[in-house]
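Visitor: Protein sequence lines, in the order shown, are assigned to chains P and A.
For the first sequence, position 47 (counting from the first letter as 1) is numbered 46 according to numbering that gives the first Met the number 0, and the numbering increases by one without interruption.
For the second sequence, position 155 (counting from the first letter as 1) is numbered 154 according to numbering that gives the first Met the number 0, and the numbering increases by one without interruption.
The reader is advised that the hints may include incorrect statements.
[Claimed, not checked] To list a few chain P residues with every Cβ distance to chain A over 10 Å, as calculated: (1) Y22; (2) F36; (3) S86; (4) V104; (5) P153; (6) T199; (7) F204; (8) S233.
[To be verified] Label pairs and their in silico Cβ distance ranges: (9) A/G48 <-> P/E16: 26 to 36 Å; (10) A/E63 <-> P/E30: 15 to 25 Å; (11) P/L53 <-> A/P183: 49 to 59 Å; (12) P/L53 <-> A/S179: 41 to 51 Å.
The set of hints was computed from the structure by calculation and includes no laboratory data.
Just so you know, these numbers come straight off a predicted model, no measurement behind them.
For every residue, glycine included, the Cβ atom is placed at its ideal position computed from N, Cα and C.
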Amino acid sequence: MEHTTSINKQLKSFFTEIGDLSYFTIRYFKEVIKPPFEFKELLHQCYNMGNRSLLLVGITGFIIGLVLTLQTRPTLMEFGAVSWMPSMVGISIVREIGPIITALVCAGRIGSGIGAELGSMRVTEQIDAMEVSGTNPFKFLVVTRVLAVTLMLPLLVIFGDALALFGSFLVENVKGNVSFTLYFNQVFNSLEFGDIIPATIKTFFFGLAIGIVGCYKGYYSTKGTAGVGKAANSAVVFTSLLLFIIDFIAVFIADIFYEL
Amino acid sequence: MNENADISEREIVLKIKDLHKSFGDNHVLNGFNLELHQGESLVIMGKSGSGKSVMIKCLVGLMEADSGTISVMKHDITKLDREALDILRADIGFLFQGSALYDSMSVRENLEFPLRRHSKKFKKDTDTESMIIEALENVGLANAIDLMPSELSGGMKRRVALARTLILQPKIILYDEPTSGLDPITAKEIIILMQSIQKKYNTSSLIITHDVDCARVISDRMILLIDGIDYAEGTFKELSASKDPKVKAFFKQ
Chain P
0 MEHTTSINKQ LKSFFTEIGD LSYFTIRYFK EVIKPPFEFK ELLHQCYNMG
50 NRSLLLVGIT GFIIGLVLTL QTRPTLMEFG AVSWMPSMVG ISIVREIGPI
100 ITALVCAGRI GSGIGAELGS MRVTEQIDAM EVSGTNPFKF LVVTRVLAVT
150 LMLPLLVIFG DALALFGSFL VENVKGNVSF TLYFNQVFNS LEFGDIIPAT
200 IKTFFFGLAI GIVGCYKGYY STKGTAGVGK AANSAVVFTS LLLFIIDFIA
250 VFIADIFYEL
Chain A
0 MNENADISER EIVLKIKDLH KSFGDNHVLN GFNLELHQGE SLVIMGKSGS
50 GKSVMIKCLV GLMEADSGTI SVMKHDITKL DREALDILRA DIGFLFQGSA
100 LYDSMSVREN LEFPLRRHSK KFKKDTDTES MIIEALENVG LANAIDLMPS
150 ELSGGMKRRV ALARTLILQP KIILYDEPTS GLDPITAKEI IILMQSIQKK
200 YNTSSLIITH DVDCARVISD RMILLIDGID YAEGTFKELS ASKDPKVKAF
250 FKQ
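Chain P with its partners taken away, still in its complex shape (with noise of 0.2 Å):
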């Protein structure tokens, strides 16, 4: 009996939650569109979240294609098949390995850092000190910052796969004598605007997610300095679980238009 009341109450708050956020999620679509509109925090988060996560994006890819290369090279060996080396890596990053893992390193690296950005500044009252000087903190703070991971993350996508891709190069050139003309020329025959197309689209939709978790989780942080751990911890699990449910939907949809 107590076991099925503490499922339900797990049930409850699951579901309150969810309510909660895409409570949240339609305040964001209203207050995107209405004036005025916060061009310099804008700015100025599209810098923070953009150049400062290059680095590490660009790092994560490079090892990423490094890694690919190295460990797929001795099975496509065993079936001569080494000269689809390009093909089959280009064709990996661009549509999957890319997007999601640069969008799992945003996650952490901005999703976490946007949850105890804005819950050490609700337990300090600093969102409500900007409430009461009459400025809307949510399009202040929210708007700016989702709209910034939303607008960033497709170009972080993009750096990471080029730099995936040239590890994945270097491996090939050193491993199997491959020019850079002859690798690039293969990657990009292989790839087509149905293979970047629906990735690219569906990046946009992985940083919304990461903002919108990430900011909802530190807006409606409480108890305390406790609570902003929470925020970011809890804004990177839900939003790497929500990255893969996107990826799965952002999947099965373009399968669906290939088919067609």
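Please arrange chain A on chain P, whose structure you already have, making use of the hints.
Guide: Chain A alone, transformed into the frame defined by chain P:
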């Protein structure tokens, strides 16, 4: 006494009538009332968790009251839309308990922030830089203009927060525990500063505190918030001489 009689005849700038606020089964405010007159210093005292901060947050629209009316300069804030409330907020300064300075902004940017929002309140040729410097000079911190909040001590943060409150030239200033967390010397400095600001700008002040020394020095009148209502009202002298055990408990320190 004559001065107090004079204050009570002045215009009422803030009026709370029959304010109720509950959180679930916890009834925090059970019909609280107050009137604040022009140029008056009204101190609200109450135990921790008695609903002082809830009351002050309802007053600026940070929380929604369950029932009752809150009239600020003849505007019922419970009926104002967001835009009208924001305009009215330019006339209400709020000094937060923990200063609430924006961590990511310098002292200059902290003071600039409310000015950008309320630019319509001032003439077009108003020099914001000189307004910022004047506000900082009022609190004796003009040389801290380019520092970040993390580089300031607790007392300095409270002074900068006071300067930020002052910059919009509010008619009413709400102080939420202005001396809490400060050493006695810094607390005294803050109290002196509050008095000098009130004199200089003729503002009305509503001060929430449980610091008896602060109440004694700064109050024209006091209200004791007990059991969610305005339990007792009077000057510091009157209340400290009260024989009511609930009132007496506040002054036994």
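Visitor: Decide, hint by hint, whether the structure agrees.
Guide: Taking the hints in turn, this is what the structure says about them:
1. Y22: 17 Å, holds
2. F36: Label holds. Min Cβ-Cβ 14 Å, cutoff 10 Å.
3. S86: 46 Å, holds
4. V104: Label holds. Min Cβ-Cβ 23 Å, cutoff 10 Å.
5. P153: 26 Å, holds
6. T199: Holds: least Cβ distance 31 Å, greater than 10 Å.
7. F204: 28 Å, holds
8. S233: The assertion about P/S233 holds, with a minimum of 22 Å to chain A.
9. A/G48 <-> P/E16: 26 to 36 Å: 28 Å, holds
10. A/E63 <-> P/E30: 15 to 25 Å: 20 Å, holds
11. P/L53 <-> A/P183: 49 to 59 Å: Holds, since P/L53 and A/P183 (Cβ atoms, about 50 Å apart) stay within the stated range.
12. P/L53 <-> A/S179: 41 to 51 Å: Taking Cβ atoms as reference, P/L53 and A/S179 lie about 43 Å apart, which means the hint holds.
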